[in-house]
Amino acid sequence: MTAFFQSLGMNYEWAWFIATICGILLIALPLMLAVAMIIYVDRKVWAAINLRRGPNVVGPFGLLQSFADGLKVFLQETIVPSAANKGIFLLAPIVTFTVALGAWAVIPFDAGVVLADINVGLLYILAISSLSVYGVVMAGWASNSKYPFFSAMRASAQMISYEVSIGFILICVVLWAGTFNLTEIVNAQKGHGLGFVNGYFFNILLFPMWVMFFISSLAETQRVPFDLTEAESELVAGYQTEYSSMSFALFWLGEYANILLMCSLNTILFFGGWLPPIDWAPLYYVPGIIWFLLKTFFFFFMFSWVMATVPRYRYDQLMRLGWKIFLPISLLFVVLVSGWLMFTRYA
Amino acid sequence: MIHTIAFYLFAVLLIASAMLVIMSRNPVHSVLWLILAFFNAAGLMVLVGAEFIAMLLVIVYVGAVAVLFLFVVMMLDIDFAELRAGFMKNAPLGVLIAVVLFVELFVGLVIHGAGELQLGAADGTAATIEGRSNIESIGALLYGEYLFLFEAAGLILLVAMIGAIVLTHRERTDTRGQKVARQVARRPEEATVNVKPEIGKGVSL
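Residue numbers (my numbering), protein chains in the order written: chain A, 1 to 347; chain B, 1 to 205.
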């Protein structure tokens with residue numbers, strides 16, 4: 001895009017600057033629209049599994065429900081509790097939202113369609129996703145109220161626990177792909193299974209890693225079996241209890257943007273990103289971004305499916321799963337994967 | 001131009017937030033300022049082209065260490081009056097540390113004035129490798145040149161970790177934990193009994 005703006009007669013710095021701003025808008029605005037629609041999809045899937053109708057009043061099939069909710073929230077008054085730590089209380093939702101958007105900078109939507117094609121892409125994602133806990137912790141502490149505080153403590157313990165095993169899982173993928181760059185990770189998956197299946201899920205050593213990554217991404221985004229931070233039967237609404245109006249909406253948007261990010265990471269790391277699932281001729285005529293969005297949507301459907309069917313974990317069960325099962329198994333698989341690669345590729 | 005602006009932005013923010021870490025009265029605010037300081041340090045690292053170190057700084061310090069700090073500090077119930085009472089007692093030690101740090105800074109500045117230090121260029125071992133990314137260069141050095149030092153560092157960390165676990169772990173017999181394997185292995189036959197008690201007798205389980 002920089003070249004296009006340069007052809008309009010700008011010098012390189014300005015062209016790069018304008019192109020980057022356009023790129024950010026081209027990612028952030030559709031993402032916000034996608035978040036609004038995906039909330040609707042989430043509610044519809046959840047309702048269908050529960051044999052309910054779900055939102056069906058606003059617009060055709062209730063399609064505009066999220067926008068109506070957004071408008072309602074926008075028109076409400078922002079209430080700051082008098083005992084709250086005001087600055088941090090208002091900063092927390094902004095942090096959550098910003099961090100949720102920031103990670104999208106390195107996500108490749110198609111071959112070459114990426115805002116920042118950096119060498120440490122996966123590390124950048126790991127760094128940004130480790131920040132998302134701060135929004136919750138700051139909100140919980142600044143609310144100066146018991147339930148949000150409990151929620152904040154749970155969130156920080158939970159996210160640290162699952163990040164450890166996510167790190168090991170990512171190391172397996174990085175070892176196999178030989179790079180931290182997300183675009184090259186996708187390219188490395190081309191024809192990985194039997195020469196014609198694109199994606200690491202077809203690999204016997206990496207398939208268990210994908211299962212664990214999917215479960216860990218549920219825990220990392222605090223989706224249903226692990227949504228102890230906002231367990232309504234114990235903590236009212238967790239860290240969001242004291243929030244209202246736009247500050248609440250920012251939490252909401254950030255949460256769903258994070259969920260979409262985790263879905264797209266599942267796609268990129270294990271299911272071949274924008275590549276068609278099978279390396280055959282007619283499938284290549286479908287544009288890569290369509291494949292990417294379809295796969296991401298499939299994972300989002302799985303997220304909703306889990307939400308509608310699985311009961312919530314208890315806190316000690318959550319910790320047990322993270323530390324006593326995922327951590328040793330992922331560590332074992334790092335050894336297995338690196339050993340296998342030493343034998344076959346680097347011997 | 002843009003590099004200079006970015007450098008001064010990061011540097012000024014880094015120093016300002018580092019000052020605020022020690023000056024803010026609320027310890028939670030201190031930790032949050034510390035996180036901002038880490039961030040700006042990571043920004044400076046990116047500016048000099050060490051993006052791998054920058055990412056590690058954010059992942060390790062911001063993502064793990066500072067979360068634990070925040071976790072602990074949030075739960076502290078700090079009595080500020082008591083803290084101020086202890087101020088005079090610790091003042092001599094504090095002044096001593098401040099003097100040492102100041103002298104070190106001064107010595108560093110004087111030496112810097114004598115001429116630039118040639119970092120790692122003497123025998124070429126630490127020079128950047130042409131055509132290689134950050135990660136590859138660091139990997140080549142850590143796992144080639146400095147393998148044994150690296151392994152030794154890993155061993156020390158392992159010992160520290162086991163030591164911490166041994167020191168804090170205590171076997172508790174008064175709690176009933178969940179034993180998942182036993183729950184899964186349990187079959188209906190051993191869990192349920194079918195009894196036909198006589199009327200008025202009741203059952204004993």
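If you're looking for bench data, these hints aren't it; they were derived computationally from the structure.
Glycine is no exception: its CB is placed at the ideal position from the N, C-alpha and C atoms.
Possibly wrong hints are sitting among the right ones.
Using C-beta positions, here's what the derived DEER-type ranges look like [to be verified]:
(1) L341/A - L147/B: 47 to 57 angstroms
(2) V48/B - I21/A: 40 to 50 angstroms
(3) A64/B - W16/A: 28 to 38 angstroms
(4) G339/A - G108/B: 13 to 23 angstroms
(5) F17/A - V99/B: 29 to 39 angstroms
(6) G339/A - R182/B: 28 to 38 angstroms
(7) L205/A - Y143/B: 41 to 51 angstroms
(8) A185/B - F298/A: 56 to 66 angstroms
(9) A153/B - W16/A: 52 to 62 angstroms
(10) A111/A - H169/B: 20 to 30 angstroms
(11) V48/B - I94/A: 50 to 60 angstroms
Below, a sample of chain A positions facing chain B; criterion: calculated Cβ distance under 10 angstroms [claimed, not checked]:
(12) Q6
(13) S7
(14) M10
(15) N11
(16) V80
(17) A83
(18) L91
(19) I94
(20) L123
(21) Y124
(22) S130
(23) A152
(24) M153
(25) V164
(26) W252
(27) V286
Evaluated hints:
no.	hint	in the structure
1	L341/A - L147/B: 47 to 57 angstroms	19 angstroms, violated
2	V48/B - I21/A: 40 to 50 angstroms	25 angstroms, violated
3	A64/B - W16/A: 28 to 38 angstroms	34 angstroms, holds
4	G339/A - G108/B: 13 to 23 angstroms	46 angstroms, violated
5	F17/A - V99/B: 29 to 39 angstroms	47 angstroms, violated
6	G339/A - R182/B: 28 to 38 angstroms	33 angstroms, holds
7	L205/A - Y143/B: 41 to 51 angstroms	22 angstroms, violated
8	A185/B - F298/A: 56 to 66 angstroms	35 angstroms, violated
9	A153/B - W16/A: 52 to 62 angstroms	40 angstroms, violated
10	A111/A - H169/B: 20 to 30 angstroms	51 angstroms, violated
11	V48/B - I94/A: 50 to 60 angstroms	29 angstroms, violated
12	Q6	17 angstroms, violated
13	S7	22 angstroms, violated
14	M10	15 angstroms, violated
15	N11	12 angstroms, violated
16	V80	17 angstroms, violated
17	A83	14 angstroms, violated
18	L91	9 angstroms, holds
19	I94	13 angstroms, violated
20	L123	4 angstroms, holds
21	Y124	6 angstroms, holds
22	S130	3 angstroms, holds
23	A152	7 angstroms, holds
24	M153	7 angstroms, holds
25	V164	9 angstroms, holds
26	W252	23 angstroms, violated
27	V286	33 angstroms, violated
Hints 1, 2, 4, 5, 7, 8, 9, 10, 11, 12, 13, 14, 15, 16, 17, 19, 26 and 27 from the list above are not met by this structure, while the remaining hints are.
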